[in-house]
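S.K.: If you read the sequences in order, they're chains A and B.
Here our numbering is used: position 76 in the first sequence is 76, and no number is missing along the way.
Here our numbering is used: position 60 in the second sequence is 60, and no number is missing along the way.
Quick caveat, the hints were computed from the structure, so don't treat them as lab data.
Small disclaimer: the values here were computed from a predicted structure and weren't measured.
Quick reminder that beta carbons are idealized off the backbone N, C-alpha and C, glycines included.
Be careful, since some hints might not be right.
What the hints assert, rightly or not - Taking lysine to any residue and the SDA-like style, the derived pairs with C-alpha atoms no more than 20 Å apart in a straight line are: (1) K2/B / L39/A; (2) K99/B / S30/A; (3) K42/B / R44/A; (4) K111/B / V19/B; (5) K42/B / D38/A; (6) K2/B / L45/A; (7) K111/B / P81/B; (8) K42/B / R9/A; (9) K57/A / L45/A; (10) K70/B / T24/B; (11) K56/B / K42/B; (12) K57/A / T71/A; (13) K99/B / F103/A; (14) K42/B / I12/A; (15) K42/B / H41/A; (16) K67/B / G98/B; (17) K2/B / K99/B; (18) K99/B / V88/A; (19) K67/B / Y49/B; (20) K70/A / S7/A; (21) K2/B / S61/A; (22) K57/A / Q85/A; (23) K2/B / V60/A; (24) K111/B / Q80/B; (25) K42/B / S7/A; (26) K99/B / A51/A; (27) K57/A / K2/B; (28) K67/B / T50/B; (29) K70/B / S26/B; (30) K99/B / L45/A.
To be verified - Under 7 Å between C-beta atoms, here's a sample of chain A residues computed to sit facing chain B: (31) Y31; (32) G42; (33) L43; (34) Y48; (35) V60; (36) F90; (37) E101; (38) F104; (39) G105; (40) E106.
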Amino acid sequence: DAGITQSPRYKITETGRQVTLMCHQTWSHSYMFWYRQDLGHGLRLIYYSAAADITDKGEVSDGYVVSRSKTENFPLTLESATRSQTSVYFCASKEWLNTGELFFGEGSRLTVL
Amino acid sequence: QKEVEQDPGPLSVPEGAIVSLNCTYSNSAFQYFMWYRQYSRKGPELLMYTYSSGNKEDGRFTAQVDKSSKYISLFIRDSQPSDSATYLCAMSADTNAGKSTFGDGTTLTVKP
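Okay, chain A solo, but in the shape it has when bound (with noise of 0.2 Å):
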């Protein structure tokens, strides 16, 4: 099916350990985005990327990193999980530069314990 897609969905692990969420769009839409959304402070984008091997920092980018090799996958890792890295987190992808749509995944669930 066409859309974004989010693999896990559910995702427990430790303080410490590598965590990769997976992003996977079938439009070939050029922009993708990475956010995680917490209680009191909505949505925040954490990553974006402009096109294949073009990414930048959004603004809380710390403790992840980011790569876009093909188009329709953009991965997320925590390099070293902390607690305060527990959140939902979304990926979302827009056609175009200058409109407002963003097609968001179903989210990931991370839990640090």
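Take the given structure of chain A and dock chain B to it, following the hints.
M.R.: Chain B alone, transformed into the frame defined by chain A:
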């Protein structure tokens, strides 16, 4: 201070009520104004999209943008239990590489 401030809620209304959801912002460069609806344990979905100032209507939903006051609103007429969700305002500008800045969301419950 956050660039986008959203009325926090939660909001609980009876079925059939008119609902008003509001956001203010500080960045005058914002040109694109969106409202997303997010059901529990789901990703946000675009509900309304407005470019620059003015009103936009889609069925029971009306989005208003007042750039002079840096204020946007979403009105829901004849609210239904199926409208129960969290509503997120979002804004973006040509100058910020297409990134959207979100409000914290307002959780709405419509009681039958």
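S.K.: Starting from K42/B, check that the Cα of R44/A is at most 20 Å away, please.
M.R.: Status holds; Cα separation ~16 Å.
S.K.: Please verify that hint: F90/A, Cβ, nearest Cβ of chain B, below 7 Å or not.
M.R.: 6 Å, holds
S.K.: Hint validation: Y31/A versus chain B, beta carbon distance must be below 7 Å. Holds or violated?
M.R.: Constraint on Y31/A satisfied, holds at 5 Å.
S.K.: Checking one constraint from the list: CA of K70/A to CA of S7/A, max 20 Å. Satisfied?
M.R.: It holds: about 17 Å lies between the C-alpha atoms, which stays within 20 Å.
S.K.: Keeping to a limit of 20 Å between CA atoms, is the pair of K2/B and K99/B held or broken?
M.R.: 15 Å, holds
S.K.: Check the hint pairing K99/B with V88/A against an upper bound of 20 Å on the C-alpha distance.
M.R.: Between K99/B and V88/A the Cα gap is close to 19 Å, so the pair holds against 20 Å.
S.K.: Are F104/A and chain B close enough, Cβ to Cβ, to be under 7 Å, as the hint says?
M.R.: Holds - the Cβ of F104/A comes within 7 Å of chain B, reaching about 3 Å at its closest.
S.K.: For the pair supplied as a hint, K67/B and G98/B, confirm whether the alpha-carbon distance does not exceed 20 Å.
M.R.: 19 Å, holds
S.K.: Given the hint that K99/B pairs with F103/A, test it: the Cα-Cα distance must not exceed 20 Å.
M.R.: 13 Å, holds
S.K.: Measure nothing beyond the straight line between the CA atoms of K99/B and L45/A; if it is 20 Å or shorter, mark the hint as holding.
M.R.: Answer holds: K99/B to L45/A is near 8 Å, not above 20 Å.
S.K.: Has the given pair, K99/B with S30/A, been kept, meaning a C-alpha gap of at most 20 Å?
M.R.: Measuring from Cα to Cα gives roughly 13 Å; hence the hint holds.
S.K.: Assess, step by step, whether the Cα of K99/B is no farther than 20 Å from the Cα of A51/A, and give holds or violated.
M.R.: This hinted pair holds, its Cα atoms lying about 14 Å apart.
Hint check: violations occur at hints 11 and 35; the rest are consistent with the structure.
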